[in-house]
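As they're listed, the protein sequences go chains U, F and D.
Okay, so the first sequence: first residue is 523 according to the working numbering, each after it adds one.
Okay, so the second sequence: first residue is 216 according to the working numbering, each after it adds one.
Okay, so the third sequence: first residue is 128 according to the working numbering, each after it adds one.
It is worth saying that the hints were derived from the structure and are not from the lab.
Keep in mind that the hints are not guaranteed to be accurate.
As the list claims (entries may be wrong) - Partial list, derived from the structure: chain U residues whose beta carbon lies under 7 Å from chain F:
id : residue
1  : R847
2  : L878
3  : V891
As the list claims (entries may be wrong) - Here chain U is said to cover these stretches of chain F; the calculated rule only asks that three of the stretch's residues, wherever they fall, bring their Cβ under 8 Å from a Cβ of chain U:
id : segment
4  : 420-432
5  : 492-503
6  : 510-521
Quick caveat, the model's predicted, so the values are computed rather than measured.
Think of the CB as a built atom: it goes at the ideal place given N, C-alpha and C, for glycine as much as any other residue.
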Amino acid sequence: MTATSLDVDGLVKSFQGNPVLKGVSLSLTGGRVAALSGLNGAGKSTLIKILAGVHAADGGEIRIDGATIDHQGSGAMRRAGIEVIFQDFALFPNLSVVDNIVFADTVDAPLGRSRRRHDREHAAAALALIGARLDLDTEVGDLPIADRQLVAIARALARETRVLILDEPTASLTRSEAARLFSVVEGLKAEGVAVLFISHRYDEVAAIADDVFVLRDGSIVRRFERGAVSAADLHTAMTGAPAPDAVRFNLSAPADEPVLEVTGLARVGLFAEVDLTVRRGEIVGLTGLLGAGKTELAEALFGLAPVDAGEIRVEGVARRFRSNREAIAAGIAYLPEDRLGLGLVLPASVSDNVALASYPALTDRLGLVDRQRKANLVSRLIHGLGIMVADVEAPIARLSGGNQQRAVLAKWLATEPKLLILDCPTVGVDVSARGVIYELIRDVAGRGIGVLIISSEVEEVWSMCHRVHVMTAGHLAPAVVPGSGLVPLAELEAAVHG
Amino acid sequence: MMSLSLPDTPSRYRPLGLAATVLLAGGLIAAALAGGGGFLSSVAYQLPEFGLLVLAMALPLIAGGINLAILAIANLSAVVAALTFGAVGDSPWLAPLPLFAGLATGCLTGALIGLLIAYLRIAPIIASLGALLVYTGVGILATNGAAVTGLPAFVPAFAGQTVAGIPLIALIFLAAAILVGVLLGRTPYGRYLSAVGYNETATAYSGIDTARIHLVAYTLSGLLGAVAGLVMLARFNSARMGYADSYLLTTLLAAVLGGIDPNGGRGRLLPLLAAIVLLQVTASGLNLAGANQHFSAVAWGGLLLAKLAYDRLRS
Amino acid sequence: MAEPLRERSAIRRLAAGIGLLGGAAALWVPGFASPYNWLDLLSSSSITALFALGLLVVLMAGELDISFTAIASVSQFLLAVALARQDIGWAGTIVVSALVGLLLGLVNGAVATWLRAPPIITTIALLNVYGGVLALISRGEMLYDFPDFFTYTAVARIGGYPLTLQTIALAVTAVVTALMLKATNLGRILRAVGGNRDAALRLGINGMTVNLLAYGYLGLVSGIAGLAHAQLLQAVTPGSLIGRELDVVAATILGGASLAGGRGGVVGTLLGVLFIALIGNILVLSGVSPYWHQAVTGAIVLAAVAPIAWRHARPALAEVA
Chain U
523 MTATSLDVDG LVKSFQGNPV LKGVSLSLTG GRVAALSGLN GAGKSTLIKI LAGVHAADGG
583 EIRIDGATID HQGSGAMRRA GIEVIFQDFA LFPNLSVVDN IVFADTVDAP LGRSRRRHDR
643 EHAAAALALI GARLDLDTEV GDLPIADRQL VAIARALARE TRVLILDEPT ASLTRSEAAR
703 LFSVVEGLKA EGVAVLFISH RYDEVAAIAD DVFVLRDGSI VRRFERGAVS AADLHTAMTG
763 APAPDAVRFN LSAPADEPVL EVTGLARVGL FAEVDLTVRR GEIVGLTGLL GAGKTELAEA
823 LFGLAPVDAG EIRVEGVARR FRSNREAIAA GIAYLPEDRL GLGLVLPASV SDNVALASYP
883 ALTDRLGLVD RQRKANLVSR LIHGLGIMVA DVEAPIARLS GGNQQRAVLA KWLATEPKLL
943 ILDCPTVGVD VSARGVIYEL IRDVAGRGIG VLIISSEVEE VWSMCHRVHV MTAGHLAPAV
1003 VPGSGLVPLA ELEAAVHG
Chain F
216 MMSLSLPDTP SRYRPLGLAA TVLLAGGLIA AALAGGGGFL SSVAYQLPEF GLLVLAMALP
276 LIAGGINLAI LAIANLSAVV AALTFGAVGD SPWLAPLPLF AGLATGCLTG ALIGLLIAYL
336 RIAPIIASLG ALLVYTGVGI LATNGAAVTG LPAFVPAFAG QTVAGIPLIA LIFLAAAILV
396 GVLLGRTPYG RYLSAVGYNE TATAYSGIDT ARIHLVAYTL SGLLGAVAGL VMLARFNSAR
456 MGYADSYLLT TLLAAVLGGI DPNGGRGRLL PLLAAIVLLQ VTASGLNLAG ANQHFSAVAW
516 GGLLLAKLAY DRLRS
Chain D
128 MAEPLRERSA IRRLAAGIGL LGGAAALWVP GFASPYNWLD LLSSSSITAL FALGLLVVLM
188 AGELDISFTA IASVSQFLLA VALARQDIGW AGTIVVSALV GLLLGLVNGA VATWLRAPPI
248 ITTIALLNVY GGVLALISRG EMLYDFPDFF TYTAVARIGG YPLTLQTIAL AVTAVVTALM
308 LKATNLGRIL RAVGGNRDAA LRLGINGMTV NLLAYGYLGL VSGIAGLAHA QLLQAVTPGS
368 LIGRELDVVA ATILGGASLA GGRGGVVGTL LGVLFIALIG NILVLSGVSP YWHQAVTGAI
428 VLAAVAPIAW RHARPALAEV A
């Protein structure tokens, strides 16, 4: 049997007159893993949705083993053996593992008889393929994220899968879970499946891909072979500009007085004996592997989770937060990882979003919003952060992604925080847009605000922070001062990855 | 900058507002020609209870919920007030007591629904439906399903009172409407309410106590329902569970027609007022023309579907 | 396979409640234990149960329709008109009721899906349109002149006890609904669409088709319920069914279905209806004011939903933490 081949030839797709794909061509071969890299907006998700049959292309061809797929739709794609695992997995939380895995059979025969025993055997076999041990009757909503992904993969493999497409599969996995996923992908490769792995992270691409396709502005701009791609090459191909070296930013010196002093903070099972200080105008980094307890610590500092022991002092005053409202009142601001989903109320106006957390300071004696003060605040922040906006009363959903990122920051700066906690400030942000965020962070510190950056990307904290703590299994190592002459990047990397 | 330039009139309201105004003007002229001043005064007497109920429905809708129990609350509050009148006798000096009892009933019954939604996180449809059954049942038990009558004479007289030719109950509605308008448009609470309706999680992340926003919305909804109930008590000179139950459809219709997004988040007073007046004028006009209530049900249902279809086509 | 875990726990709690209530009533309430009381209970709650089974399918798909009483009213009115003109026999009777119901159900499905507004608002509007048109056309007159075949109380007898049309309709509908949800893939599709509509669409499910199926099924069952109701009362009064919507919703939710979609089952739904009917029956037999019924029903529904909601829907902030 010859190896499967999937050829995408000159695929074109527009939405409302905007061309998103401008003639994309790539080919996949059974037994090989191809990576597809590109910035947000390059057309990745449109390409995936066409391959999944969610959209039909306006032009171009998709051929499986040389035969053109005529009526592009999810049925045709499935019959051709193409399965897509979406980033959110597209699972049904209220259905059992079995019902999820055999769902595609259901779609093909909606009026067919349900065959319980056959379904169970089928599902068990699919899970066995990837070496996953899961209780077949558990509802998927009760499983942890990594197990849900295994269910999604098993669902894809429950069919005669010849081409498997994984959309940013590691985004929500810990490092060990990602390692397990990679071994599953290697196993599929050995089975002769053609795999398309969507990722813009160089370490992943280098680890797993035999071929790398780079999508930019709706076209494939580069193709690399295994081993022939460097991080700089990938960056250049994705952004169209060479990557900057890892350099330390010039940071202005922080003041002496601390805004945050944490001593002996503990939450059973998550973190213990945490000592941490952030001074006015200082940027402190907190790095470590996923699952080290970084986000849990940040949530405790922001009053979203209780602490079991230890002390939090904000500007010298001991605090114990029962909710994030009390933390905000004490001068702490927290930007969660999902900044656009959790940080903004998208249908509401720019001005309402920016003022949302600051109304207590914007009311007059009658408790009414002082419109003049609100307008002044909004316009000061919009200008200060360089947000490009035509009408502050228009829905914030109309702003570009970068301007929305700044608007989230504007909302928190409006509360005049003493401490700003940023959780993974550049996750999901294009390489090209990161510089803007770094600049904003330095600007915030320059205003005398203490900044705590939480990030799994060691290079980011190394280049951005005055001091860096490495967190391992709930324990915080003493701060180091990064810098080429002090603690080099490689040493910090080693401290994190062991 | 933007202080005096009506910043909160996004352009998308204008076509609808214009259409409403034109219809309204047309309706008023036609009505005045047909019935003259008598017609206008009948509108002025009928509008307050309807308008108050629409306001009671509007707040939960903006928060992304719904309150199916507003009529049960209105009637139960009126029943409680009527029973209290029976207990305290005819003295006008004790009149505040029954009024207070009625309003307190509205606040409590509304707050209970709010508690279920805000703290137990029961879906608003279920919470207000369960409450509707309980309140109706309790009200019927208390009255044996009959109307409570025998109110002091000053109660029905109150409904007929005018100030400068305007019915007092219309002024009460106007005051309530202005307060709701200020609440929605000028207070932080109004911004929070709308933000909760659009995206509750993001609002909570900004440090807003969203549970309290729900609780207050339903408590106020209950209070407005109680005021409507008291107005009905005065107008009908009696209280009974089941009065004006058909208003559920028309309040939803007025809210949606008045620019409130049934999915939550969007809602402002002026378009809402226009819709209330428009609907009441049309209803009174239909009444005058001798149309029966079933014709009205079809018309209101059809109009609601038409408005939803219009919004769907525009989006 | 048995029902999923959460549905099973709803069934267990309802069964326990019914057992306790029934046991206590059998001991202390005179007349409760008589088989005739049970048959009466069955007949009188069968209409609600029919509606609830149809509604279950809609709720499972994550939708809501409260216009089913109006659909039943329209269909029984048209049936009565047909029967007054011509003796169409049982087959014709069933076909007319089912077809009218199905047709209106499909209209509801198409309108509610296309409008994308909350279905409660859309179907309140439809309820009023159907009910209003019916009242206008019928002028509110009662129809009661039925052919002979339609007037027999007992369609058959088992061991001396009458088997009513209502009982048979309920049994058939329950079996059909259970088969659809359990023995065919449709059940899995409905449950999946209710659980994650977006995912189902991406995997090739046509949302409009599923909604037409769900709303159409409720319409069809409502048509049958209208027929059963007309036969029970031997009269068709336009509007006599309208107003019972919310009680049916309450019973279905009590049976384990969820407004969020993707939950519920036939057994739980039937037990939910039975539980509420049982309370009403006991109140009547023990001479307590029947007005208690509504208040108790509402309180029980809230009490049943609250702990589930409390456990499964954490506060807004915890969902992201």
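The hints, checked one at a time:
1. The restraint placing R847 (chain U) at the interface with chain F holds, with a minimum CB-CB distance near 5 Å, inside the 7 Å limit.
2. Here the hint on L878 (chain U) is kept, as its CB sits about 5 Å from the closest CB of chain F, short of 7 Å.
3. For V891 (chain U), the interface hint holds, the least distance from its beta-carbon to any beta-carbon of chain F being 6 Å, beneath 7 Å.
4. Restraint check on the segment 420-432 of chain F versus chain U: 5 residues with Cβ-Cβ distances below 8 Å, three needed, restraint holds.
5. Coverage of a stretch by a chain is defined here by at least three residues with a beta carbon nearer than 8 Å to that chain's beta carbons; for the segment 492-503 of chain F and chain U the count is 0, and the condition is violated.
6. Coverage of the segment 510-521 of chain F by chain U is violated in this model, with 0 residues showing a Cβ closer than 8 Å to a Cβ of that chain against a need of three.
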